[in-house]
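Position chains U, C and F against the provided structure of chain D, taking the given hints into account.
Residue numbers (my numbering), protein chains in the order written: chain D, 54 to 394; chain U, 54 to 394; chain C, 54 to 394; chain F, 54 to 394.
The calculated DSS-like cross-link candidates involving lysine-lysine, where the alpha carbons are at most 25 Å apart (straight line), are:
(1) D:K372 to C:K385
(2) U:K64 to U:K117
(3) C:K330 to F:K59
So the derived label-pair ranges between C-beta atoms look like this:
(4) D:K129 to U:S332: 32 to 42 Å
(5) C:E65 to F:G142: 47 to 57 Å
(6) C:N134 to D:G176: 27 to 37 Å
If you only want the chain D side, here are some residues facing chain F, beta carbon under 10 Å, derived:
(7) V57
(8) W85
(9) S115
(10) A265
In short, the hints are calculated from the structure, not lab data. Since the model is a prediction, treat every value here as computed from it, not as a measurement. Positions of the beta carbon are idealized from the N, C-alpha and C atoms, including for glycine.
There are 4 protein chains.
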Amino acid sequence: MIIVLKPNVPKEQITLFKTTLEENYNLTVNTWIGVESTVLGLIGDTTSIDEDWISAQDVVESVKRVQEPYKKANRKFHPDNTVIEFPSGVKIGDGSLCIMAGPCSVENEEQINYVAQRVKKAGAAFLRGGAFKPRTSPYSFQGLRAEGLDLLKGARKATGLPIVTEIMRVSHIDMFESVDIIQVGARNMQNFELLKELGKIDKPILLKRGLANTIEEWIMSAEYIMAGGNNKVILCERGIRTYETATRNTLDLSAVPVIKKLSHLPVIVDPSHATGKASLVEPMALAAVAAGADGLMIEVHNDPKHALSDGAQSLTPDKFDEVARKVFALKKAYDGIMSDE
Amino acid sequence: MIIVLKPNVPKEQITLFKTTLEENYNLTVNTWIGVESTVLGLIGDTTSIDEDWISAQDVVESVKRVQEPYKKANRKFHPDNTVIEFPSGVKIGDGSLCIMAGPCSVENEEQINYVAQRVKKAGAAFLRGGAFKPRTSPYSFQGLRAEGLDLLKGARKATGLPIVTEIMRVSHIDMFESVDIIQVGARNMQNFELLKELGKIDKPILLKRGLANTIEEWIMSAEYIMAGGNNKVILCERGIRTYETATRNTLDLSAVPVIKKLSHLPVIVDPSHATGKASLVEPMALAAVAAGADGLMIEVHNDPKHALSDGAQSLTPDKFDEVARKVFALKKAYDGIMSDE
Amino acid sequence: MIIVLKPNVPKEQITLFKTTLEENYNLTVNTWIGVESTVLGLIGDTTSIDEDWISAQDVVESVKRVQEPYKKANRKFHPDNTVIEFPSGVKIGDGSLCIMAGPCSVENEEQINYVAQRVKKAGAAFLRGGAFKPRTSPYSFQGLRAEGLDLLKGARKATGLPIVTEIMRVSHIDMFESVDIIQVGARNMQNFELLKELGKIDKPILLKRGLANTIEEWIMSAEYIMAGGNNKVILCERGIRTYETATRNTLDLSAVPVIKKLSHLPVIVDPSHATGKASLVEPMALAAVAAGADGLMIEVHNDPKHALSDGAQSLTPDKFDEVARKVFALKKAYDGIMSDE
Amino acid sequence: MIIVLKPNVPKEQITLFKTTLEENYNLTVNTWIGVESTVLGLIGDTTSIDEDWISAQDVVESVKRVQEPYKKANRKFHPDNTVIEFPSGVKIGDGSLCIMAGPCSVENEEQINYVAQRVKKAGAAFLRGGAFKPRTSPYSFQGLRAEGLDLLKGARKATGLPIVTEIMRVSHIDMFESVDIIQVGARNMQNFELLKELGKIDKPILLKRGLANTIEEWIMSAEYIMAGGNNKVILCERGIRTYETATRNTLDLSAVPVIKKLSHLPVIVDPSHATGKASLVEPMALAAVAAGADGLMIEVHNDPKHALSDGAQSLTPDKFDEVARKVFALKKAYDGIMSDE
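In isolation and in its complexed conformation, chain D is listed as follows:
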């Protein structure tokens, strides 16, 4: 950590500040005195230093981290990819492509079972479906809640597909005991109390990126879970909020290679929520594969008897068949091209 001090700080104040740093954080502090200003260099583990606290000091002009503020999620200290294995034999993070697919909301048994069958057949490794739904309006459908969870388990039993679904509250953790991957939604990415509790259990966590969170903040939220002892974190890029209105959010695909460099955690991409438009799911799913993603989360919905079923961002099972086919074909070509190096 490099700390630039304000110009003309009296020498005693600098000494006092250095002593405080050394005593509080068990660090060595080097000093470099320039014409315009003095700079301190902190040597040792600065992870636990509060950058805000530093910049809050009277003598400090600005602070710059040289090391990342995360340890457990940091590739520097864990060069190998984290690979998460499931009883089904599926692995996430091992270089393969894992597709999670299913409806935004679980609606009824028939629907979820049918979709589960179809996405399984098309190659999905996980069934996704919302039981507890975070909705902007209190008047919107809030999900089937506990009943939805039961329906998901039923669909798992019927098809053998493991399930991934979103948790919204600490007190529900017990209820999610048998869920295969617990999803933390974008709005809860910095619900630190929830993250802490999820750090205490032994269960893969799918951590979606917050709507307006930086990649560093996102990895710090993974660090919250890992700091509690749970290392099974899967990151999921799902678009960030920008001024552009042509898409619901702006899918930040460069987050994939950026995270691959900074962290050893697997990262998947959700083109459905990011774009909000079914017609954009295929091109963005293909692009995610070419950017190096470990997986995709895709909304698939079906209610063929009802004329109103084709969601703005949901694919029909037939369209999903096509997208999955293309995505796996591109992945195969991609792997061949990359292994030629």
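Just chains U, C and F, lined up with the frame of chain D:
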């Protein structure tokens, strides 16, 4: 609600869609057939209609709300300002200016009591202080938690100042029973499970705007609390995330008059968190008053024996004396100017 | 265009407004009277209607376009892809992948000729290089200007590669006469006087997206050029400004399929400027291909005798060889997968 | 400037890099060797160093400026406020409040003369009006151009009010010879060729902030003008682009005190363009005064015989009378409060 249909939708599909709308939502649907496209106009209460659901339909090109999606927080249905009264006699929303001041974190008894005394003397009506702290890093100080809450209550007892502090978890609601105003922080603005539970209690809620949330989403979160029966919601603008890095966030002061027009709820401004710099607190506090805010939330910290105490965004008690004096003087002038109309 | 009127507007005012619209714009205006508000539907060509002017009227609550505000760039009126042919036989927009490569700035003859040779050998169809450089600081290198242009022409002569370079000023248009593609940089995307003049010449224009411009504004800038008679516009996505700091800008790859749907113009992607990091160029170039881009613009720089030559976002010629090989291989696989439909 | 080098860079490369820096820029380079990385500190004038060039070097991990990259606009080297005096006796930057008011577009002689009279009477010191209009659509009204300029001069003659109007093209500079303040619009803030030419004339320049430009970039654009010899630059905050849609842009009032600290240039605020809504002009104008602005630019439009004249963001002359009265009253109170210190 105006629904623009896609070009060339067969007549039967339009009829089916209209019938579905009328049956599901108890609405009247008017049709306007143009050369390029057909438009439906929905008459009746559209608050509970899910805009996403509408735009997800095959036949729909786009949707436009004419009415706001909130009712209880809507000034149209509640023209008078909501005024929240406290046992101390203080009112928020009645045209007066209410200042909440205190440290970011409660650190110890001496600190909080001293700051409480000082801010009270300067004219603050509430003591603010963090007991449970949402921190980006799991390695940062997480607040004194329950102990911090006790210290705040102690400072209240010593000074008579009512207290406002942040809640981070549903299971803490009981613990916050005697807190005067419960704060929901920016990161929890869309923690809907928490909002729902806070809707069930009879306690003023200070709802901070999320870092990347629109004004409409913010009011919808207030609506969550109000839908549960708790109408005592105070909105707090605290800066939004933009590309600008000269300030921590960008204080959106236009949110104050915008909300005053859309809603009857009181709105206050937090210039400390918005700017992240002590030197910007005074000008932005004055600007907030001139923009019509009902109050201010200002960080004041003091630890005179320790050289490192002056926070980047915290004012010293002496500086706060000066800011409070100016702010009240400007408010007085402002009231005079506005009543001259 | 759908115009929602304010509640309780007197009937005479509505009639007056309708008459004004019909007379000024040669339109038919349909009226739909609801309980809460009245809605007008405009039938006819609304392209020339100024949305700002409409929403500026006293009686208007809000406006919604049903048609896009552009005509010449609109795929609806020009379903086939625009294909731009060059004397070299190269085509842009015909489904092939066109790579433009070269240094950020032309520095000297040796450099530009060497880079030109190398990128040609690797498969680039155009040599890019900056002669006039838009720089944030007046104290930064502003490019070799006219001399740089001559060096580019020299490199074209030596290698046969057509050239693309940026124009910054109307009075330079004559000087750019023999440039093969004239680039309009992100900062000049809404330099309307420049766009108008470029509309009068018969020369392909590469129009980069502005740092904070919507896709619609971007297409409107293309429409400026096309309205003058020059239909040879190539759009180039190069990242937008967001709060994220891990990359210089956020590459918005979803812009590629969005534009493909809205417009018939070719669209290419510049991963170098978007990410600002050489290590991200390869994954984002591959992702761009999989998203359906018509081409790529990639920075390649070389000065082997000088130790300091490897730019933050520039590839070495050797690395470019590798990226180009992968990119063309992925394109081939992609074409195979897409033609299987 | 602090340069953090990558870990494990060989000593010779560090030495080579240091030598290059010292030779190219006439600087002294201090070295600080830490456990994890080496840091270089540059002593001397680093204004002309290209940060991009530094971070482009192989050995560099990251760069941090300690000094601002601007000199002429920097308050450090010019502690006193720049005060711009006009023949009329009006001063901008001397602590007084200067209002510029008038229509968005000059439409005809009657209109501009009437508005000029009215705003003068209400206390405006300048008449603003657009002759050349930057419009998103080529099909929108582009302004009366040269004729508009003549009408403005006519209104000046009739009322004595000096005029401010926007330039869009280098070749128009001669035509703007007798304009009192030349405005550079938001879209041209980084039209560096235009800025350079405006640096060569002796005329006050009103430099609007670009829609997505940081405060530092904005000051750098002022530096472009000043580097050419023209020190008469007035900055104008007019809102930045964010995700919020309730206002056209987000007015960043904290830019006022931030600039006052960084630069000696005067800064004014345009609440009309920032908010896009007439009802928000008054509160934001008052807030701008309380934030310390040197002036306001307000849109006033009048065409009383025509029912459609009240612009979404334009005030009527009557409403402007009221706003000006309140604004001057608040300014008086503000000055009293601030001089009490």
